[in-house]
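When the sequence shown is numbered by this note's numbering, its final residue is 207 and no position is left out of the sequence of numbers.
One or more hints might be untrue.
Derived DSBU-like pairs (lysine-lysine); straight-line CA-CA distance at most 35 Å [to be verified]:
| id | residue 1 | residue 2 |
| --- | --- | --- |
| 1 | Lys179 | Lys43 |
| 2 | Lys68 | Lys93 |
| 3 | Lys178 | Lys93 |
| 4 | Lys19 | Lys93 |
| 5 | Lys184 | Lys147 |
| 6 | Lys56 | Lys19 |
| 7 | Lys68 | Lys43 |
| 8 | Lys68 | Lys179 |
| 9 | Lys187 | Lys56 |
| 10 | Lys147 | Lys56 |
| 11 | Lys43 | Lys178 |
| 12 | Lys19 | Lys179 |
| 13 | Lys19 | Lys68 |
| 14 | Lys187 | Lys19 |
| 15 | Lys43 | Lys19 |
| 16 | Lys179 | Lys93 |
| 17 | Lys56 | Lys68 |
| 18 | Lys184 | Lys68 |
| 19 | Lys68 | Lys147 |
| 20 | Lys19 | Lys178 |
If you're looking for bench data, these hints aren't it; they were derived computationally from the structure.
Everything numeric in this text was worked out from a predicted model, so none of it was measured.
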Amino acid sequence: MQQTRIGASDVQEFIVTDKSLTPVVLTMWDQFVNNEVSLIVDKIDSMPIILGTCLKVVSYKGISLTTKASSFFALNPDIPEAVDLANWLIEHKEEVLNLLVTNDPDLSLASSSMQPSPQTASPIAIISQPTEKLPRYWAKARVQITKLNQQFWYMACSSCHKNTVAEFNQPFQCLFCKKDVSAKPRKECAIWPMLVSFKQRNISSFV
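Just need the whole structure built from these sequences, with the hints factored in.
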């Protein structure tokens, strides 16, 4: 149970991952706690494959996921992608278990990849593989903010700086660092860089 600006809410967190072995926190709220969470808990020892749609992606020091009213979940769906992931899990179960039992304090968010050395850096124009096939990559760029009508801050835990729905100076217990803290604003701005490599596409991100 967590106190929000509209009252008390039920909340449950899970650590999820995929073939990249990148841990991501999935936070389920209210009606999902009463329904989907119980189904997941019943099967959690078997590490079920979870299909989730219409999730909110939170970008801060990595990626975390949280439910919206329109979110939908299916356990072990009968689709090729889920079957492929289940087969992969059979071969890599020990790696996944080691990932989930780690005491790394940053487990709650997907971490960034290690920055490459200058000797391994290459211009985007000569990348030989489409970016969609790369799990992650670094880009050296210069940012100019042109959209000024945005909120340049977010409300965060005063200890670990994770996002919170608590109001300014409101005391609460953080779900991430488990400390009794208060809500404090932190700097943030949204940027929309254009990546040019084989084809153009927009990438939403936060700094």
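Each hint tested on the structure:
1. Simply put, Lys179 and Lys43 have alpha-carbon atoms about 30 Å apart, close enough for the 35 Å limit, and the pair holds.
2. For the hint pairing Lys68 with Lys93, the CA-to-CA distance comes to about 30 Å; that is within 35 Å, so the pair holds.
3. Proximity of Lys178 to Lys93 is assessed by CA-CA distance (about 29 Å); at most 35 Å being required, the pair is judged to hold.
4. Only pairs whose Cα atoms come within 35 Å are accepted, and Lys19 paired with Lys93 is accepted, the gap being roughly 11 Å.
5. Restraint check for Lys184 and Lys147: satisfied, since their Cα atoms lie roughly 24 Å apart, inside the 35 Å limit.
6. In summary, the hint linking Lys56 to Lys19 is supported, as the alpha carbons are separated by about 21 Å, within the 35 Å threshold.
7. A threshold of 35 Å between alpha carbons decides the hint, and for Lys68 with Lys43 the separation of about 23 Å falls inside it, so the pair holds.
8. Distance check on the hinted pair: Lys68 and Lys179 sit about 26 Å apart at the alpha-carbon level, within 35 Å; holds.
9. A threshold of 35 Å between alpha carbons decides the hint, and for Lys187 with Lys56 the separation of about 20 Å falls inside it, so the pair holds.
10. Between Lys147 and Lys56 the CA atoms are separated by roughly 22 Å; this keeps the pair inside 35 Å, and the hint holds.
11. In summary, the hint linking Lys43 to Lys178 is supported, as the alpha carbons are separated by about 26 Å, within the 35 Å threshold.
12. Under the criterion of a C-alpha separation no larger than 35 Å, the hint pairing Lys19 with Lys179 is consistent with the structure, at around 32 Å.
13. Distance restraint check for Lys19 and Lys68: the Cα-Cα separation of roughly 25 Å lies within the 35 Å cut-off, and the hinted pair is therefore satisfied.
14. Of the pairs offered as hints, the one joining Lys187 and Lys19 holds, with about 33 Å between alpha carbons and a cut-off of 35 Å not exceeded.
15. For the hint linking Lys43 to Lys19, the alpha-carbon distance of about 20 Å falls within 35 Å, and the restraint holds.
16. Proximity of Lys179 to Lys93 is assessed by CA-CA distance (about 32 Å); at most 35 Å being required, the pair is judged to hold.
17. For the hint pairing Lys56 with Lys68, the CA-to-CA distance comes to about 7 Å; that is within 35 Å, so the pair holds.
18. Our distance criterion of 35 Å between C-alpha atoms is met by Lys184 and Lys68, whose separation comes to about 24 Å.
19. For the proposed pair Lys68 and Lys147, the alpha carbon gap of about 26 Å is at most 35 Å, so the pair holds.
20. For the hint pairing Lys19 with Lys178, the CA-to-CA distance comes to about 29 Å; that is within 35 Å, so the pair holds.
In the structure shown, no violation is registered for any of the earlier numbered hints.
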